[in-house]
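Trainee: What follows is the residue order along each chain.
4 protein chains.
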Amino acid sequence: MPKVNVAVAGLGRIGKVHAEITFTRLENARLVAVMDVVSELANSVAEKYKVKAYTDYDALLKDPEVDAVFITTPTNLHKEMIVKAAEAGKHVFTEKPITVTSSEAIEAIKAAEKADVKLMVGYMRRFDDAYATAKKKIVEGSIGNPLVFINIARDPGAPPGWAQDPRLSGGIFLDMLSHDFDMARYLMGKEVKEVYVKGDALLYNEIKQKGDLDVVTINFEFEGGGYGLIHGSRKSVFGYDLRTEIMGTDGTIYVGSQTDPNLAVGSKDGLIYRGVQWFWSRFYDAYVLEDAAFINSILRDEKPPITGVDGLRVVEIAEACWRSVKEQRPISVRRTL
Amino acid sequence: MPKVNVAVAGLGRIGKVHAEITFTRLENARLVAVMDVVSELANSVAEKYKVKAYTDYDALLKDPEVDAVFITTPTNLHKEMIVKAAEAGKHVFTEKPITVTSSEAIEAIKAAEKADVKLMVGYMRRFDDAYATAKKKIVEGSIGNPLVFINIARDPGAPPGWAQDPRLSGGIFLDMLSHDFDMARYLMGKEVKEVYVKGDALLYNEIKQKGDLDVVTINFEFEGGGYGLIHGSRKSVFGYDLRTEIMGTDGTIYVGSQTDPNLAVGSKDGLIYRGVQWFWSRFYDAYVLEDAAFINSILRDEKPPITGVDGLRVVEIAEACWRSVKEQRPISVRRTL
Amino acid sequence: MPKVNVAVAGLGRIGKVHAEITFTRLENARLVAVMDVVSELANSVAEKYKVKAYTDYDALLKDPEVDAVFITTPTNLHKEMIVKAAEAGKHVFTEKPITVTSSEAIEAIKAAEKADVKLMVGYMRRFDDAYATAKKKIVEGSIGNPLVFINIARDPGAPPGWAQDPRLSGGIFLDMLSHDFDMARYLMGKEVKEVYVKGDALLYNEIKQKGDLDVVTINFEFEGGGYGLIHGSRKSVFGYDLRTEIMGTDGTIYVGSQTDPNLAVGSKDGLIYRGVQWFWSRFYDAYVLEDAAFINSILRDEKPPITGVDGLRVVEIAEACWRSVKEQRPISVRRTL
Amino acid sequence: MPKVNVAVAGLGRIGKVHAEITFTRLENARLVAVMDVVSELANSVAEKYKVKAYTDYDALLKDPEVDAVFITTPTNLHKEMIVKAAEAGKHVFTEKPITVTSSEAIEAIKAAEKADVKLMVGYMRRFDDAYATAKKKIVEGSIGNPLVFINIARDPGAPPGWAQDPRLSGGIFLDMLSHDFDMARYLMGKEVKEVYVKGDALLYNEIKQKGDLDVVTINFEFEGGGYGLIHGSRKSVFGYDLRTEIMGTDGTIYVGSQTDPNLAVGSKDGLIYRGVQWFWSRFYDAYVLEDAAFINSILRDEKPPITGVDGLRVVEIAEACWRSVKEQRPISVRRTL
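Chains as they are written, first to last, in the UniProt record's numbering: chain X, 1 to 337; chain U, 1 to 337; chain L, 1 to 337; chain Z, 1 to 337.
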């Protein structure tokens, strides 16, 4: 069986997941190297999987055994790392979002095109069984013509570490809600045309000080018709609260739930359910399928299911959102490529 | 339009409901009289509806304007009241259970037969939209051949007033679980053949002292095949908890829910749902349809949908349950008519 | 016990409900007359309750026995009927919305003020147990400071009869979504400051031809901070779909559900739940409490819980929504009184 | 860090899971060998993890590097494999149930005691977050004194391969419902005293021919008070249907759900939910915690959380169930050790 030799660059939580998946779950991938600027981290992961450890990205890219790189570092590093990998002839999987700005995204996309390497962006929700089935049902016509997309996304808390700095992460519209914009495009099969955003930092002082927002509501329109509402919040005291719905002329599809149905305690106060506890358990399979899709696109020499342009479109929407918040008026989404 | 003139005898909560329904909701019924031994009660209800008030049941039965009587008194009074009504040529609707003992039930049934009057027993759950639709789905074959009936029934608290005395009410198997046995027979379309009961008074001292039970589990078998489990409890701290399921060869139907889905409060402790709050709201429509069915059976001269024999069958099951608890062995249900 | 003598003017479905409730459920109200321009309708309802029948509204208002009038006619008739009732010295309960335009609402409010009669508007959801408990929880501080109001409202179908004509009904923002705007004001305890609306008639040709909308999304802002999203649709193929949520700094309250939890059929296709079936059953108790609140405000000479100004505020929001749709920009809500 | 060197014997699906977990997730375990009688299987797994491959169990046990063995073979092989491992001085984790008969279980337990090695039985549900939290809540007193245990367990289909032969698997009471009996003992904190079972093979001819059952209902009693109901079925057309509830004097805990809340398709037929899809995803974390608990019990030289005697108790209950079905009477559970 032909196999793709992969390396993972950036060994935070999500990098470790991609290392584990490519090692244990994919028959046609072979983990050959890991890289992190923290050498202890690189060494410990390398030892576990008996693979090479790097602390220098350029050195990793010179390794002829590596066919493809998973980039799992802070967003502001993505552009340069993608360009370098492409120039080194490596296929690239980058965690979402592709880059902080649309101009960076275009640079990354062009580098990959020029080098003729695959470039895939990790919007793993597309591979989640519930979202994937929703897409399938919509394509099959189960709800008729899709008219309205609604997404409510509340994280349990403020983002950790570097993701709190909007200059590194792109802020709430990119770091958090780009998943939801990707779903809007994917499930409706249409581009976002115009956004009108209300929002502020109402929950956390540190977010306000860094210039990011933590509560937003967005009303938007799709090209070719159809409307959308997105609400994002950086707080949900009982756990993740992520729900999506798509109303069509003949039905409505609902994805997600705020409650873990598996435990209820009935007491005098009522029945107490827990919030969703199983984020990683739930989405682990999505990461597996996502990584498999990337590997398959390389082996079959096909376009990856989530392209650099898909990544760019979401950055463009986020940029329009920022303008709408600042100028307090509806903003048309500008296509830059 | 031909109309049936009705009287309600016994003006507790359930009697008032039948008075209101026959007055306001049924086009082909006309409330003409009400009766209660408490004269203030009889007078106030009569005044509201501008109908006759009686405090004496025999006097009510002599009223030639009355075509049919709703008997909504304590269970131990049912037998004599049914017999008298039949002898007076009045059609009879009796609240459940029909009587405290099977021999009383037979007497009541025979009196109605002899007088050629309708006799209907008020198992209103059969008219609840969810249970009625479940029956329809089963008959249509949605779940294939029904094999297992499971019923979990928890009341919010101990029964009030006279219903706490098993000599007046028949105890937990008749006063509470006869609804569930009626559903077992109705949904499975089969008679109950044998029961094995475990139970005790584990929740309330007063129930123990009066010789009734408050927690029971029952394993039973249907004639012609199929099994059943029933659990009853006189306590559920957050509200009614009534759920029924019927598993067939090709599917399972679930009726009821322990949670009111209409309100959830998400706090640090989780999402708190209320128990079922809308007992009367939910079942009000069932009472309306039940009363309509009784009136229609009179006008069309048809067998009522829940006959005296249906009422008797449930009393026989309850008697077998009492024997099983006392003798601690499986008991065959004896058919007495 | 002092009682308020009431009349119901307009005997469509909702008028009949108010007649039934004031007759059967309210101890301190006495139904004395009903009125409809269709004489058969007036007579049949009057006969049932043994009260007076009118076909002429002016004649009804001259009846000295009548203390208060329930106005349950098409919206475009409300203003004149409220003014006339006030001038006749009758207290007024009007079904929602108060009027089609804000200037009409002001006229109605001023007439009631001048005559010193009570004027209450029928936003019965405030009396629904789930919504009322949500309000109570918010006031108690269960969710901290409320920040975001979200409401998804999908009717099962296009409105019937006169309500299809936006000139008579005020269109989707008044006829349907005024309930939701009333809830936004009520639950958040703040006025709506600005709205931005997207919408079209995407479902029904007849709605398009009459100049109304059937699918809308609204992003709005509250005075003093906080944001809102409302989505309305005139179609939901499986039943009512009404859900509201209020996110605060320390929790989120969810009201409503798209599913009737009481019946599920498990087959090879999955578990099939029904949509919400019990609209009338669910909200009947809310109508009872609403009517009781109106009667009590008269007997206690207090301000009704939903005033004419409450009714006006919602009309002002609806007018801003229409402007936003037409001018495709955010519109400030103008206070006219 | 001290580490336990482990081997996995039997590389079916569940064996592979234990190999993956001990390799990737446990810091203090080291996978050193795998064994299967099918050499291709042993070799491919060994190659993946770069560990030793065995096809002969006795040879594996002679490997001095191996500290502990995971036995993941058909049940009828467990007894001999446990005894041999103990005699070789290896700690033993055996998949559930411990053995087919109670006399075999006693032999296995005694061998482990004699050799002074750990023996743990894999009832992983105890480590599932929902079940574990339920246990915690019960111990904390959230529901007062637990009185009733109810468990409904429906598998999506007949068991595969060897598990269809009750001589190899112990039949429905051991192969399937031993999980539920383990939970009964665990959550109630009491032993099962007496069982009364109804059951037959009503779903599958092949199960009937092999002498196993596919539909059972069980009514049982706990020592020291309290009752239980268990229903098991080898068919649930829409997916796993596993629900447990424990009613106490002051509350009720519900574990499990028949519905995946994450996707609903609303069409004219209602809202269609899927059954539970994520068996492995859901329980994967439970397997991880279970394996960690075994490893920790070795390193800390403590009694494993699920002992050989725990395994034996469930076998004794299953034996009583078989007798009850055959003799059609309540059977006391006999303690054999």
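No wet-lab data here; the hints were simulated from the structure. Yeah, the Cβ is synthetic: ideal placement off N, Cα and C, and Gly gets one too. One or more of the hints may lead you astray.
[Stated by the list, open to error] Derived DSSO-like pairs (lysine-lysine); straight-line CA-CA distance at most 27 Å:
| # | chain 1 | residue 1 | chain 2 | residue 2 |
| --- | --- | --- | --- | --- |
| 1 | U | 16 | L | 190 |
| 2 | U | 326 | Z | 136 |
| 3 | X | 268 | X | 110 |
| 4 | L | 3 | U | 48 |
| 5 | X | 52 | X | 62 |
| 6 | X | 135 | L | 268 |
| 7 | X | 326 | L | 190 |
[Unchecked claim] Computed footprint of chain Z on chain U, listed as stretches where at least three residues anywhere in the stretch have a Cβ under 8 Å from a Cβ of chain Z:
| # | segment |
| --- | --- |
| 8 | 159 to 167 |
| 9 | 198 to 207 |
| 10 | 213 to 221 |
| 11 | 294 to 304 |
| 12 | 325 to 335 |
Trainee: Could you run down the list of hints and mark each one as holding or not?
Mentor: Hint check results:
no.	hint	result
1	U:16 <-> L:190	violated, 43 Å
2	U:326 <-> Z:136	violated, 36 Å
3	X:268 <-> X:110	violated, 62 Å
4	L:3 <-> U:48	holds, 13 Å
5	X:52 <-> X:62	holds, 13 Å
6	X:135 <-> L:268	holds, 20 Å
7	X:326 <-> L:190	holds, 24 Å
8	159 to 167	violated (count 0)
9	198 to 207	holds (count 5)
10	213 to 221	holds (count 7)
11	294 to 304	violated (count 0)
12	325 to 335	holds (count 3)
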